[in-house]
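If you're matching them up, the sequences are chains A and B in order.
The first sequence: position 39 = 39 (the numbering used here), numbered continuously.
The second sequence: position 134 = 134 (the numbering used here), numbered continuously.
The hints are simulated quantities; they were obtained by calculation from the structure and are not laboratory data.
Treat the hints with care, since some could be wrong.
A short, non-exhaustive set of chain A residues, derived as facing chain B with CB atoms under 8 Å [said to hold, decoys possible]:
(1) 93
(2) 110
(3) 139
(4) 181
(5) 233
(6) 237
(7) 282
Sample of chain A residues facing chain B (criterion: CB under 8 Å; computed from the structure) [unchecked claim]:
(8) 106
(9) 112
(10) 136
(11) 173
(12) 275
What follows is a list of derived Cβ distance ranges for each label pair [as the list claims (entries may be wrong)]:
(13) A:211 / B:137: 43 to 53 Å
(14) B:102 / A:211: 28 to 38 Å
(15) A:157 / B:45: 20 to 30 Å
(16) A:144 / B:5: 24 to 34 Å
All values reported here derive from a predicted model rather than from experimental measurement.
Think of the CB as a built atom: it goes at the ideal place given N, C-alpha and C, for glycine as much as any other residue.
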Amino acid sequence: MPLRRSNSAGIGNYVFLLPAVIVLLAIVVFPLLFSIVASFFDIKLVNLRFTDFVGFGNYFAAFADRNFLVSLWNTVVFVLVVVSLEFVVGMLLALLASAPIPAVAVLRVSFLLPTVLAPVVVGLMWRYMLFKGHGVLSFLLAVLGLEPETGILGNIVLSKIAIYLTDIWEWSGFMALIFVAGMMGISTELYEAARVDGASRVQIFWRITLPVLRPTILIAVIIRSMDSFCVYDIIYAITRGGPGMSTTSVSYQIYRTAIRNSELGYGSALSWIVTVIVIIMSLVYIRVAYRRQEL
Amino acid sequence: MKRLTRVFLTAALALAFIGLIFPVLWFVALSLKSQRVAFQAPPVFVFRPNLSAYREVFQPGSKYPLYLFNSIKVASFNTLLCLVLGLPAAYAFSRFRFAMRRASLMAILVARMLPPIILMVPFYLLANKLRLIDTGLALILAYMVYNLPFIIWMMKGFFDDIPRVLDESAQIDGCSHWGAFLRIVLPLCGPGLAVTCTLNFIFSWNEFLWASVLTGMRSKTMTVGISAFWTNVSLEWTKIGAASTIFLLPPILLAILFRKYMVGGLTLGAVKG
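Working from the sequences, and respecting the hints, build out all of it.
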């Protein structure tokens, strides 16, 4: 019974697993526990001691903290806007990349380009295009007579749109790649049968492509929702949260609170609020992505 | 297909392509501008390219060669360490059945998806306490939080694709589990291993938030170094362009090289490329 033999886990086999488990406990579980404890104390960097126990005080304070709530709201809007637009743009790009024309291979490679660039550099790239005066996008708006006195990045509404645009540029190609991979899995017989029945191209998209892609779409949308909920780099690079609080994301606000203002205990509490939200999303993701798979 | 549709599709494709690459090309162009041209309003499209920004960024005495070296060091050592720890673990998850196996796999996946901000404060405090700030070691360890789960998940997927019969016949021939793993299964996963390493390297290479908190003067990586050209008092566009162009080259080349496998990697195997 060779099968049983490879299944039985002798003591020696734990050596495969043990080092990774110990390291993960040390660098993930221990810091997380540390952070939970810290969130119940008032800790400043200058006074690094766990003496001022405040119970749930930091958490109560969070829900009265206008700046935190604004940043949370900004982030929720950001996620809703960018993920839905990335879905639409990504789907259009994927359809384009499966069209029977030459050069689609080149397009598919270009989808990868923004995805593998460092987000902080992508941010600077766009800042250069958005900058008042010498930026090409600023110039374009000025030519159209639409640029406000303060420039794009000085305007409360336009600066938000600039951040959205950057993120959409960065990640639509990623969505498209996932959809292209999904579309390749659809059998051509399905399409042919539909064509024989006289379905139009539009009908085929709505009645076959979209329903069959549903699980793939869900995976892409949830991955992007989790990632974009933690947006930090492009905001740091483009606006540093300004003007005012208009582009401050929740990660950026926590960085400001915990590191810049060295309110470590309070910052930990804020980051737990974000983490709980993201963990809920990741559990939904696991249900969707791995429900039917035998692992 | 009708000719009109064809023309329309080709035009749309060209437009999409330009949209995707223009910002990058414009940034590369920036690296070849003089400071005066870079700030010229309205922007100029034709100018005489020069390499002075590259010279300034990478001249002797500049910190940037060191930052580039730090990026290479952190990304390479992190990848290496994650492989050493992650490959055997991935093999165990693929081949052995043990208590809490599925739960552990899920926990590892959740760890991979944690928001970076949650570990920023504890890492900052611990690295301060252990005097790891400004050593580079702090980053190498911190990036394992994401890359070790990544390697375990990716490689488990690739190991699963190798038939068990191979390990078993190796064992009948007298190989231990380790022998079967190292001599039979691992060599068969060559391409999968290559793309996993590549992505691990790129993730570490591109990281910014933890790098900005856990590094100091000597251990800054390029992402932190590049953003340091923009301070409260100055904004050195041409240097940003030059440093970024060099810095972006490795991920772009690696992505083109491994383009076929990237989708599977970026979704942790949830989508087959």
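Point to revise | Restraint check, 8 Å cut-off on beta carbons, for residue 112 of chain A near chain B | key: 5 Å, holds
Check your understanding: Is the gap between the beta carbons of residue 157 of chain A and residue 45 of chain B within 20 to 30 Å?
Key -> 29 Å, holds
Review point. Does residue 233 of chain A meet its interface restraint, that is, does its C-beta lie within less than 8 Å of any C-beta in chain B?
Key: 5 Å, holds
Exercise for review: Grab the minimum C-beta distance from residue 110 of chain A to chain B and call the hint holds if it beats 8 Å, violated otherwise.
Suggested key: Holds, because the Cβ-Cβ distance from residue 110 of chain A to chain B comes to roughly 4 Å (cut-off 8 Å).
Check your understanding: Does the nearest C-beta of chain B fall within a distance shorter than 8 Å of the C-beta of residue 282 of chain A?
Key -> Check passed: Cβ of residue 282 of chain A comes within 4 Å of chain B, closer than 8 Å.
Exercise for review: Starting from the hint 28 to 38 Å, judge whether the C-beta atoms of residue 102 of chain B and residue 211 of chain A obey it.
Suggested key: Given about 29 Å between the Cβ atoms, the range holds.
Check your understanding: Are residue 211 of chain A and residue 137 of chain B spaced within 43 to 53 Å by their CB atoms?
Key -> At roughly 50 Å between Cβ atoms, residue 137 of chain B and residue 211 of chain A fall inside 43 to 53 Å, so the hint holds.
Review point. Do the numbers back the hint for residue 181 of chain A, that is, is its least Cβ distance to chain B under 8 Å?
Key: Interface hint status for residue 181 of chain A: holds (5 Å vs cutoff 8 Å).
Point to revise | Minimum beta-carbon distance criterion (8 Å), residue 237 of chain A to chain B | key: 6 Å, holds
Practice item. Evaluate the given range 24 to 34 Å for the C-beta pair formed by residue 144 of chain A and residue 5 of chain B. Key: Holds: the Cβ-Cβ distance is about 31 Å, inside 24 to 34 Å.
Check your understanding: Given residue 173 of chain A was flagged as interface, is its beta-carbon under 8 Å from a beta-carbon of chain B?
Key -> With a closest approach of 6 Å, the residue 173 of chain A hint holds.
Point to revise | Interface restraint verdict for residue 139 of chain A against chain B (beta-carbon cut-off 8 Å) | key: 5 Å, holds
Hint compliance for this structure: no hint is broken.
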